[in-house]
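Asks: Full structure from sequences and hints, please.
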Amino acid sequence: MLKLPIYLDNNATTPMDPRVLEAMIPYFTEHFGNAASRNHPFGWEAEEAVDYAREQVAKLIGADPKEIIFTSGATEGDNLGIKGVYEMYASKGNHIITCTTEHKAVLDTCKHIEQLGGEVTYLPVAANGLVDVTALEAAIKPTTILIAIMYANNEIGVVQPVKEITAIAKKHGVLFFSDAVQAVGKIPVDVNADGIDIMAFTAHKMYGPKGIGALYVRRKNPRVKVTAQMDGGGHERGMRSGTLNVPGIVGFGKACELARLEMVADAERLSKLRDKLEVALTQIDESYVNGSTEHRLPHVANISFKYVEGEGLMMGFNKTIALSSGSACTSASLEPSYVLKALGLGDDLAHSSLRFGLGRFTTDEQIDYTIKAVTDTVLKLREMSPLWEMFKEGVDIDSIEWAHH
Amino acid sequence: MAYSEKVIDHYSNPKNVGTLDKAKKNVGTGLVGAPECGDVMRLQIEVDDASGIITDAKFKTFGCGSAIASSSLATEWLKGKTVDQAVTIDNMDLVEELNLPPVKIHCSVLAEDAIKAAINDYRTKNGLEALQFEEKGVH
Chain A
54 MLKLPIYLDN NATTPMDPRV LEAMIPYFTE HFGNAASRNH PFGWEAEEAV DYAREQVAKL
114 IGADPKEIIF TSGATEGDNL GIKGVYEMYA SKGNHIITCT TEHKAVLDTC KHIEQLGGEV
174 TYLPVAANGL VDVTALEAAI KPTTILIAIM YANNEIGVVQ PVKEITAIAK KHGVLFFSDA
234 VQAVGKIPVD VNADGIDIMA FTAHKMYGPK GIGALYVRRK NPRVKVTAQM DGGGHERGMR
294 SGTLNVPGIV GFGKACELAR LEMVADAERL SKLRDKLEVA LTQIDESYVN GSTEHRLPHV
354 ANISFKYVEG EGLMMGFNKT IALSSGSACT SASLEPSYVL KALGLGDDLA HSSLRFGLGR
414 FTTDEQIDYT IKAVTDTVLK LREMSPLWEM FKEGVDIDSI EWAHH
Chain B
3 MAYSEKVIDH YSNPKNVGTL DKAKKNVGTG LVGAPECGDV MRLQIEVDDA SGIITDAKFK
63 TFGCGSAIAS SSLATEWLKG KTVDQAVTID NMDLVEELNL PPVKIHCSVL AEDAIKAAIN
123 DYRTKNGLEA LQFEEKGVH
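The listed protein sequences correspond, in order, to chains A and B.
Per our numbering, the very first residue in the first sequence carries number 54; after that it's consecutive.
Per our numbering, the very first residue in the second sequence carries number 3; after that it's consecutive.
Don't take each hint at face value.
Using 27 angstroms as the maximum straight-line C-alpha spacing, the simulated DSSO-like pairs for lysine-lysine come out as follows [what the hints assert, rightly or not]:
(1) K17/B x K425/A
(2) K17/B x K433/A
(3) K445/A x K17/B
Anything over 12 angstroms on all C-beta distances counts as not near chain A; from chain B, calculated [said to hold, decoys possible]:
(4) A36
(5) D51
(6) G54
(7) S68
(8) W79
(9) I91
(10) D92
(11) N101
(12) K127
(13) G129
The hints are simulated quantities; they were obtained by calculation from the structure and are not laboratory data.
Beta carbons are placed, not taken as given, at the ideal position from N, Cα and C, and that holds for glycine.
Replies: Right, here's the structure in full:
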């Protein structure tokens, strides 16, 4: 049975798994205690639940439970991880290396650090979206204290060569931070095998609740510390004060456990569905997959349909299919996706892109429906597109002097 | 952002999509916008030389739903007007009719620019001076 509307925006957020909700409910009502209340059963129950969830979260990424710092989400984790290292390691240096396709939570944190007097190198990426590890190594200076590279990109799903990068970081004695929001729970991430020192991730991208995330902070080889960014009761080993969000943490733990048990099967099923979608949609003339198809998350496809504009395209099916576009027609800036531009795509191709983010609840029927709806709309809009007409007549669109506004 | 019913209607059933023969002397063509900006509009008018009345208008647009709706509505309004009347079509009339939100006003400005460009193309083809228009400067 085809269920509408179809949700293909799982990189933005995922629906919560009903099993996660079930685990959370008692912690809103019966077991409402403050995990920091040490002197009564309400506090003990809450603390026990948090301890259990911390183990579930740690196990998913191969960490020790003591290395998990609960946060409100990955934006907080990115801020705490990067600013916390910048402050804690100020005596060692002030230089951070990151890349241009990072999430705004990382890029804007780095910009903030520049205003504080820090130095940041923003590495470009290749046309396939990958960081050049040789260029990364060359960017390291005596003052470099941190390399911050995302595990997988939110717009194109490209997975960075994390192991190669961490080997370089280790060789030069530089800490490595990763925003792993899109990767954790979707593909195997192991902080020890991968050599990660600090890592931010969040529950709502992996079928857990919004408003809860974690920062992994390594305790051994090397022992890492980050300076707290909020003053208060000294929770979470002094790195993140604030009463723990117990129901959220319980849900996050459950979501991590489910991901650990079901990740392989989910990924196999979703990569087949994604490939089916991608093969069908690239049958359309002048359609292009953005980013590496080799080093990529199993459930993501980003495709540009040349000569039609992304927002106009989505309007053709936005009552039945939810997805995102690299077009910035909705924003006041008129600037399309900076990630796609970083791959070297022209603005026109960036404006013409759609991001498909499949998820645990995506069905085969939904993909069939999406293939037909997207294909029909692209063809319809091309009949309406002056650029398509010019292309068909052999006019070189780049040779036209457009009135730029 | 939700679209107004009128925008949805023009998007779903656009009026006057197509191409007129730009080689004809009584056809004026306006091509405005830029692919990099995410909107390109081509608007064409066919004018009855004797009466100065616009007998046909066609468009093709690369852009969002509001850009498609603005150009579709513009072609509807152009038909039956004289060229002199067409010059007075203001982008804010399109905004009002389509209930465009502030972030989409540039779509209506582009449609007005396309109308003026088409009129000027017609005028210069027929030995008239191109009209000077003030820059709206919204986009």
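Asks: Indicate, hint by hint, whether the structure satisfies it.
Replies: Now the hints, each set against the structure:
1. The suggested pairing of K17/B with K425/A holds, with an alpha-carbon distance near 24 angstroms, which does not exceed 27 angstroms.
2. For a cut-off of 27 angstroms, the pair hint linking K17/B to K433/A stands: about 14 angstroms separates their Cα positions.
3. As the CA atoms of K445/A and K17/B are separated by approximately 22 angstroms, the hinted pair is consistent with the 27 angstroms bound.
4. Not every CB of chain A lies more than 12 angstroms from the CB of A36/B, the least distance being 3 angstroms, so the non-interface label is violated.
5. Every CB of chain A lies more than 12 angstroms from the CB of D51/B, the least distance being 26 angstroms, so the non-interface label holds.
6. Every Cβ of chain A is farther than 12 angstroms from the Cβ of G54/B; the closest lies at roughly 26 angstroms, confirming the non-interface assignment.
7. The non-interface label for S68/B is inconsistent with chain A: the shortest C-beta to C-beta separation is roughly 8 angstroms, within 12 angstroms.
8. Distance to chain A confirms W79/B as a non-interface residue, since its nearest Cβ pair spans about 18 angstroms, more than 12 angstroms.
9. Non-interface call for I91/B relative to chain A: holds, since the shortest CB-CB distance, roughly 19 angstroms, exceeds 12 angstroms.
10. With a cut of 12 angstroms on Cβ distances, D92/B stays outside the contact zone with chain A, its closest approach being about 18 angstroms.
11. Non-interface call for N101/B relative to chain A: holds, since the shortest CB-CB distance, roughly 15 angstroms, exceeds 12 angstroms.
12. Residue-level check passed: K127/B sits 19 angstroms from the nearest beta carbon of chain A, beyond 12 angstroms.
13. Against chain A, the non-interface label of G129/B holds: every CB pair exceeds 12 angstroms, the least being about 25 angstroms.
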